[in-house]
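Asker: Read top to bottom, the protein sequences are chains A and B. Using my numbering, the first residue of the first sequence is number 1, and each one after it goes up by one. Using my numbering, the first residue of the second sequence is number 1, and each one after it goes up by one.
None of these hints come from the bench; they were simulated from the model. Incorrect hints may have been included.
Sample of chain B residues facing chain A (criterion: CB under 7 Å; computed from the structure) [unchecked claim]:
{"id": "1", "residue": "W140"}
{"id": "2", "residue": "S142"}
{"id": "3", "residue": "F445"}
{"id": "4", "residue": "I449"}
Short derived list, chain A residues pointing at chain B, Cβ under 8 Å [to be verified]:
{"id": "5", "residue": "R182"}
{"id": "6", "residue": "H221"}
{"id": "7", "residue": "A223"}
{"id": "8", "residue": "T224"}
{"id": "9", "residue": "Y227"}
{"id": "10", "residue": "V231"}
{"id": "11", "residue": "S234"}
{"id": "12", "residue": "L235"}
{"id": "13", "residue": "L245"}
{"id": "14", "residue": "L249"}
Just so you know, these numbers come straight off a predicted model, no measurement behind them. In this text, a Cβ means the ideal position worked out from N, Cα and C, and glycines have one as well.
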Amino acid sequence: MTSATVSPFPRAGPGWRSRLESVPLEGLRSAVIAVVIVCASTVLHALNMASAPQRLGEEGSTVGRAWTLEHLGSFAPPAYWYEHPPLGWLQLSAWTWATSAFERAPSAVAAGREAMLVAYLISAVLLWVLARRLGLARWAAALALVVFGLSPLAVQFQRPIFLANLATPWILGAFVLACSPRRRLGGFAASGACLGVATVTNYAALLVLPALALQVWRSSHPATRRYALAVGGSLFTLVWGMYILGAALRGELLPGRGHPSLIHGAWFQLFESAGSGSIFDADSFGHDTVSSWLALDMVGLILALVAASVALVALPRLRPLAIGFLVPAVVAVLPRYSTVSLVVGLLPFGAVLIAGVSERVWSWSGEVLGRGQDRRRVRSAAASLVALALVIAALAAPDWIAGYRSLLGHDREAALRHADRWIVQNVPTGRRLIVDGAMWVDLVEAGMSTRRLVQYAAFDADADVGIQPRGGWRDYDLVVSIESLRGFPDRYPEVRAALRSSVVLAVFGAGDDRVEVRKVLPEGPDRTATESAASGHDPAAAARAGTELARNASVDLAPAARRELVEGEVDQRIMTTLVALAADRPVAVEDFAYDPAEAGTGAPYRAVALRAQSPDDALAIRRILADQVPPHRPAEIEVGPDARITVTYPLAALQ
Amino acid sequence: MSGHNDVTSATRCTVLAVGLAGALLVVVPTGPGSGPSGPGGQPPPSTPAEGTSLPPDDEPVLQPADDSQVVLLDEEEQVEPTEEDPGAVESEDDADDGAGALDAARLDLVRAIGAGLLVLISLMLTAISTIRLRRMLHAWWSPASLGETDLEHERLTTSFSLVVVGGRNDEGFGRTLERLAAFDHPDVEILAVVGQEELGAREVATAAAYRHPDRIRLVVDRDVRGHETRALNTGLAACRGDVLGVFQAGDEVRPGLLRHVEAALATTGADVVQSGVLLTAENPSWFSVRRMLESYFWFRSRLRYYAQQRFVPLATTSLFGRVNVLRGADGWAGDAVAEGCELGVRLSVAGVPVAVTWDPQLVTGTAMPPSIRALSDEQTRWIQGFLQVLRRGAWRSLPTRRQCALARVTLAMPFLEAVAGAAVPVLAAVAVVADAPPPIVLVAFLPLIPALTTLVVEMVGLGELGRTSGVRTRTRDWVRLLLGAVPYQLLLGAAALRALVRELRGDRSPDTASHMNDDAAGTDAVDRPRLVARSTGRREQFDHLVTKTGAVDR
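Bound conformation, chain B alone (with noise of 0.2 Å):
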């Protein structure tokens, strides 16, 4: 019952709050100096710690004679010369009376209490970390799960619908629709769903169809927000393909996707395929080279597990599907927030085949969040998405208890791992500020194992994806990758408590400044055609044309 999971997963996380806030609360006002000095603790250099006397041994020792007293000789005492205890001296000074033992152990209560969640949570980040480190390289784990798989496949015999969905970028849209046009598939018709208040988009598509009039149909969703998921249920409705292929407007595609899409389709008899998707940016910012280097380990390597293990969150571009599957799926769900990941949950219950494809060449290149409010909301829709279809409960038919339990944990997944990455270096600075004895700090910074292997691994992945994908990397990417390392994953983790917070609020509504895309603005005068002043005239009588015989009247 969703009811129910609300109740349970808010629990969680309130205790989880609870527990991060009671670990800063008391571990930081222990103040310098004060913690209960480890088995590694220096002792103060002008007394070197010597021990205590020991206890006197069961044989009977010759006690040699003393000066000082006359001892009895077959008594077998040793008499040693009182010493001075260094942690003697240490408890006095803390316990002045009786009232200030007490507080004294108090305080040491709680201490010890501090010092416990702090390993507690120190633990829990390391095994996030190790996690997601694990699955980031998957796709080199071992030389058998290189997976590298010839696929040639000569006859081109599916016929590909292709939707676009516009409203977003105008003058991508445009030049998406260009690029999918001139693919040399015999069997092509691309589908430009744009929304009905979505004027440039509308032109865009007009003229494209225009040109391309074989190939391009327009397509109009007569809904007034034009929200992505009804475009693109829309557009499965309205195709007439085999196969269904969504991308978004400004997507880069290659030429030979198809093919290659195709020959994955026949030779592993799946019915969806996953093409690979990577994020590119022409105006750089700071944080591009992190989330592009994101993106490709999502789809070369993380995506290739959740395949192995038969749960595979979609996206919502470079996906390919039979449409015969996809219908019968009913397509997207409305409501979701990350519908692809919605979507590829449903199949994996379904048991429906999915195969993910990676080609360096034929990468799709769609577009990376322009500014760093686009990268969060970004981040809040994508964590807010899995965490509502974990909530929602479709992943519990999955046959296995082990598969059920993957399940949970890979959609819990994305908002762990941006809580985990923005506490790691937090844990560890508490750790230092607070003063804990030197075997606790050295846990709490155990998690900056897995974090900085992570960051080497990234750097790497940064050169592979230069050296096969063709993507420059300049000096400046690796200096960015290296600084930002930090600050990027404080902005996923307050990201990742923003979705929290919608999700538990129920809050799903897309944040419409987000879709503002800065770079729309360029107004391309080539791709307004006269046909523009007509088309804002005469709505209906355009529409009524489009949806009947797919063609734009001239």
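Looking at chain A on its own, in the form it has when it is part of the complex (with noise of 0.2 Å):
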């Protein structure tokens, strides 16, 4: 075994000019149907996003440490206790730092999204390109990314804010570089670093480590085999190295009283934190996660599972995605690490799966019917190929369409933006809230001080790690609860205590995917507590000062007014006012109002229409008005064109 090398060396091959001449057609018909596919699934995947899905479990943590990140300097508040790694925060903070996501997007999830659908994109391209270094014929390669971008699964979870979502481009990117064909030590470097990034993104991407150790193995030349395991491996620790020197510099690697620690962080999230279930007890959070993945697209995830099961047995060429699917997928059905997100890794290596076992499967039919040279039954083996290819297709379409009318179609965003929008007008300064990570944001840009406000995720801190607690739920006034809370509600156990005990105050939206923002009541829930002692309203006094009202000859009102009045339906202070006005001249009232929030939650009517006689006898209603002192002092005070008059009372509950 010899080797030689001479000088000179004849040059290294032909010039840029005539490689670009020689660029073959076949490349560009890659280009074209590769681009028409991405660009089809990222218009599908902007389509709506930032109104569906409602925003998941992490998204609200994930985005609000962003935010943090890039206007205060540190990823704290909440306290940062290593329990996800910083990295996917730090390109999430630099995307939006860069492009001014959170000034120009109309809410902080938008924002975090723009993001996730620019990490979509890049994953779509690498997924073409992996499938294509793999073999793939440009039409299973088209299949896999149809599969990828298009399967109402992939949008449902490509969209989220989750760190998962950040680690996706680094993975593919990892096997991309793995899978090259020129062989060369610095891509396998390259691909263990950006598997150390991915990992240093999400810890769940270690899960895909076997898969890319086994991937350089059989990619490397045998000679060049040790080497490049050498450098890959290197790289991908020493990446580590940085995570952790940098953890260690700030005096936060080893677990100590009064601070936290990676180690700490990192040992309870393996070990200590609560499993979820196993995921065929209906109860679970485990079961929760897989049937929700289930109805999604239950066709496109069995398919996947076979064509792993079959790649990994059969096909050597892509076991590697087949080990890279398999692993997360046992982690998904153990009844111990199972989370939202671990779908995330499995779309990339499901897709080209499918799309390889199936290339294969043609192909295999192919070589065996055609061996026999029997042309009809080859037509009839095709045939039926195709035939089962639709099949598939049309057990499949009722889901897709089902998720994608509930993706494109629904504004699920909706009641939280009425939501913040009735917080910001109708929350008393000095209330504190308790609320989701992207609402916390949106409140914080819409100008609410961070002293008011806490995110849930903040009720994980220990004080053993010398994070402070932020006093318990009963500190807090007010709880804003959504959607994925409600549906998972043992994620934050402080927060469930303080829901278990607080009434509604408002409610957005309809259904699961309610909003709602209640008041917390300190003492605990009380059995007796009607809706209406939290607004403080009585319904009986009020209606006999409503009937006393009715009577009163100077006030006018219209019968739908009358009516609310006598059935005690009206705040008391309006009453109070309207008598007050009564006694110097004559008061029309229109109508009642409320903000349609408060409807069912046993508030009272708190606005009312009136019509002076003149424009200058609104204006002197309108200073007699401002000059009272609270209680009876309106929050807002509007003077129409022809001397109509609306007066807004503050909600009384949060008096």
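Two chains, two separate frames, one set of hints: put the complex together.
Answerer: Okay, here's the thing in structure tokens:
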């Protein structure tokens, strides 16, 4: 085994001009197909992306941390205890800083999802390159892109602001580099570094490590294999080394009293956090998670599982991807570590496996039957394969269509936007709120002080590591409840306790994705507390007062307004004011109103539309009302054309 | 002009040294806890950083009634309780009065400069370490560069003259001569070149020539100093074959090497062949494994890279070249400290094709420096030689600018690598001790990434060496490899600085202390025949006989 290199060495190949001229049309055709599909799926992802699905689990805390990093220069509040590695938030924050996303976008969630769209775009391109490098035909690579980009399961879980979505481009980049046809050591080194970055973005990317190691082993030349693994492994480890070094420099590596630590955080995540429960137990978080995946695209998931098993056994070229699919899949069904975002790791591998195995089946059937020279058999076999594909597509179609309708048509974030506006308008200064992370960002951007707000995740604080818990839920006045909080109640036990001992003040939206603003009752859930007790409104007394007022000759009531008065649905303050005003002049009441979100919560009408006799009279009324002291001072007095006055009182429950 | 080169290189080195010293002086005295808190700064646990209140919204916000104040309703003021700003507290502590503020500002500026220098040096070190790693891995970089060629060549028609220079290691001299004489090539003559005053070497050579009269000739170099380059040139002048081969005393040459070289010459059409060399030691010291690996990666991989770039610094052992080509280049330069490098550069400039080969079974084993002092001297000479060639500027005649740039980097690399290798752990330690802000320390640790990867690659290389070349690797070799990394780098760094100083002073004297070989103490009575007594007595007559007839008078 002799090796020799001679100098002068022949020049290293043709110049760039001739290389450009020799780009084959094949390559262009490939590029066009890829571009078309990627554009179509990106558009699909982008449509309605800020509005559906409603923010899931971790999205709020993720976007919250990105915001605090950009605007406050650190990950706190809430305090960082290494529950997730920081690089994902750093990347998200870098994107939002570079594009001023928080200022541009209508809400924090919209800003974060923009970044996810970009991550999806990069992942889709890399997926195509990976499929082609693994030797898939163009149609198979296109199929992989279609499954990866257009499946409702994919859209549902690639839109939200998960750290896993930020890690996916890095994982795919690592595989693309490892499958490079030139098989250079630099490529393997970069592959290891990419996986290192992916794992420091999201711990779950570690599950891909065995698959990538196998891929590097397979891809490298036997003589350079050890060096390939050595440089790839070194760079992977050294990226982690920098992360650990960063923690050590802040004194937060080793566990100890009074400070958070990386080791403690990792240990907690691995061994001490509450398990997700068996997926076969109908009450468990794991069951809910997996059934939500199956509900979105059962056919796709089952096909992917089958393809992974086939590839593991029979297709050596796709074996690393099969391992990359099956390891997270096994973890997802374990009763311990299942999380919602694990499915994100399954998607790219599943897509390529489905495409690869389909292609193999097609070509294998062609070979097997082609040998027989029986044209009719070949044609019938081809027809039956196509028929099988159509059947599968027909089975998947209803799920897909329903998924699209939900993802493209509905605006599930509307309720949250209304809730934001309501809170800003109606919650007085000094009241403290427990909110989800994205709402935290929106409210802070709207001008609220960070001292008044706390995120759900802040209650994970642990005094042992020096993070002061925020005094418990009893120190807060309001809690906002969203769908994902109600859906996974054990995630934040403190917040659940607050929810249990609270009454509803306002409801936005309806059904499962409604948003509730609730008032916390620190003394605990009172069995006898009625909804009206929260607002301090006594319907019986109000009815009496209202009947009195209705008999007042100076007050001219519209019929609907009269009925509302008599039934005791009007706020006491309005009635007192009307009585006072009617002493000096005739008052015409057109309507009573409240924010529609407060309907059904037992809150009284707190706004009244009056008509004064003249514009001067209207101004006089306004002056009188403005001079009042609380609690009779209105929150807003609006004087409209032809002496119409709308007076709104602040929410009684928060006074 | 060499004077101009002197000044520019001296200036560059001075600037570099000043920069390093400045970084150390500036960064170290900042003391604990005084660095500015960067974006990753941990807020004090008792008051979690809340941030400041934000400017009011542009949109009219309904102002809910505030108990404490009477506010007109159509204004949009936000009234927030005053909040403490943790950053403000810190800066107040720093600046008590006006003069204090000025001091603080100056200190901040000094810290900023220190941090900037640290970052700059760190990036430079990362670049150097990465280049070194890339060149080390060149042989395995891609399947194409594995470059496995079949060098079968049946006809053995070339006549070889093999020159072995004595004077350092008499016993090894004898061994090498015996091995060379044992080559089964039909047309080989061996020239044993000894200095006139090197009596032990003369005895050994005479004995060997006595045993193999048809192959071994004794050639005496009349120069009193017995300088190696002169010896090589003497051999070149006295040789009669087509191809000259050069070896050192003490080399272990494998049989079949000449066949391999001839095949290389014929297959590749080269005029010069550098065959693989590995440093071996009988009594390994702690640094032996590292030095051996260094030579392995140099000959196996880095020289191949240079061969591809048509700029090959040659060694002075296991080197074969066509005699007419070597004579046309006037042989080795007498005042060169690293004569092989110097010759290689001249040949590259002249466009002579050079082939670099490596066959694990035919690797020449050459002597390892036996002590730390010897190692330091060897490295100093090596680095100084490269610096000397750099200053001489023969490389400036290379045809393209790219080649000139590559030549400049190649010749500076031994010095840069040695200094960088020593500076990397020092920089990391300084950054930690000086308590710089975490992002700066992370940047200071960046060069450790290629450095630690190099360590892993060296371990893989040791394993490969053990498997392919039959080098025995025991556990203690692995341990020495790992633990000896930092001391070895510091040793090289010191040798590099010594080389720089020597080169700037123009001190080209060979360090004769390093030429004294402790292993030469062995006196093998078998190799000292009665002829010894005769030769010391009748030197002139003996000389005359040798140079005239090429045979020893019996």
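Asker: Have a go at the V231/A hint: is there a Cβ in chain B nearer than 8 Å to its own Cβ?
Answerer: holds, 6 Å
Asker: Does the nearest C-beta of chain A fall within a distance shorter than 7 Å of the C-beta of I449/B?
Answerer: holds, 5 Å
Asker: The hint names Y227/A as touching chain B; please verify it with the least Cβ-Cβ distance against 8 Å.
Answerer: holds, 5 Å
Asker: How about L235/A: closest beta carbon in chain B under 8 Å, or not?
Answerer: This interface hint holds because 7 Å falls under the 8 Å limit.
Asker: For the hint on L249/A, does the least C-beta distance to chain B fall short of 8 Å?
Answerer: Interface hint status for L249/A: holds (4 Å vs cutoff 8 Å).
Asker: Quick check on the hint: W140/B CB to chain A CB, less than 7 Å?
Answerer: holds, 4 Å
Asker: A closest beta-carbon separation below 8 Å is what the hint needs, so does R182/A meet it against chain B?
Answerer: holds, 6 Å
Asker: Report holds or violated for the interface hint on S142/B, using the least CB-CB distance to chain A and a cut-off of 7 Å.
Answerer: holds, 4 Å
Asker: Answer holds if the nearest beta-carbon of chain B is closer than 8 Å to that of A223/A; otherwise answer violated.
Answerer: holds, 6 Å
Asker: Given F445/B as an interface hint, is its Cβ closer than 7 Å to any Cβ of chain A?
Answerer: holds, 6 Å
Asker: Does L245/A hold up as a contact with chain B if the rule is Cβ-Cβ below 8 Å?
Answerer: holds, 6 Å
Asker: Hey, does the H221/A contact hint survive, CB to chain B under 8 Å?
Answerer: holds, 4 Å
Consistency with the previously given hints is maintained throughout, with no hint failing.
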